[in-house]
Amino acid sequence: MRTRFLLVALVALTLVVLDQWTKLLAVEGLTPGLLAPPDYVMPFSEKVLRFYTKVEHPCRGVPKRDCPEKFFVGKFWSFEYHENPGAAWSFGAGTNPRLRVPFFVSVSVLAIGFIIYYLKKARPDQRRVVAGLVLVLGGALGNLIDRARMGYVIDFIVWYIDVWFVDTYRWPTFNVADSAITSGVVLLILDSLLERKLPAKDEALVAKPD
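Letter 62 of the sequence shown, counting from 1, is numbered 454 in our numbering, and no numbers are missing.
No lab work stands behind these hints, which were simulated from the structure alone.
In this text the structure is predicted, and so the values were computed from the model without any measurement.
Pairwise CB distance ranges (calculated):
(1) 584 / 495: 24 to 30 Å
(2) 508 / 468: 32 to 38 Å
(3) 495 / 563: 24 to 30 Å
(4) 540 / 394: 27 to 33 Å
(5) 454 / 406: 32 to 38 Å
(6) 584 / 456: 42 to 48 Å
(7) 503 / 394: 23 to 29 Å
(8) 509 / 453: 39 to 45 Å
(9) 399 / 574: 20 to 26 Å
(10) 435 / 405: 22 to 28 Å
(11) 558 / 490: 41 to 47 Å
Lysine-lysine pairs mimicking BS3-like chemistry, simulated, CA-CA at most 30 Å apart:
(12) 446 / 462
(13) 467 / 456
(14) 439 / 462
(15) 456 / 446
(16) 456 / 439
Quick reminder that beta carbons are idealized off the backbone N, C-alpha and C, glycines included.
Generate the whole structure from the sequences, applying the supplied hints.
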């Protein structure tokens, strides 16, 4: 049990660090938020300190050219700095910040509590469940840090999808934490579907005459 707890904590912490590091890179590479004076190479420790103490709304009030969209893979995948004050697909983004921020932080904390509870209840053989819950946990913690600190979540990954070769759909901007949460949910759904099929197969074997 202790080994599993340490492994879960390590994976979740790794996801949080990866999420926060990529958000720092997004601010550094896509905004003037961590812009250093000429001829000055900012140490990484100073970047981290500034990221967590001074960077807030780095694209507000600046020209678009200072917060550009940078394409990574053709016209399909790009990076562009965005701030999401709401939930998925910016749900609730227009709500009063005095209500929105405490609400989303509280919901995130409760969700994390439930995830930890179900991780403790999971059986050792439920590997897909544990993996899915750990992915959701790491992603939830990463986005919670943003919400609690700034009142919004940093998004920067943009995908463009061709719809039947007629039009191009821009997928809602997301981040590493969102990717972890989505992957975790997919694993949990997959496990649920597979678990339903197993009893049906067992019953069929029992009912089959010799």
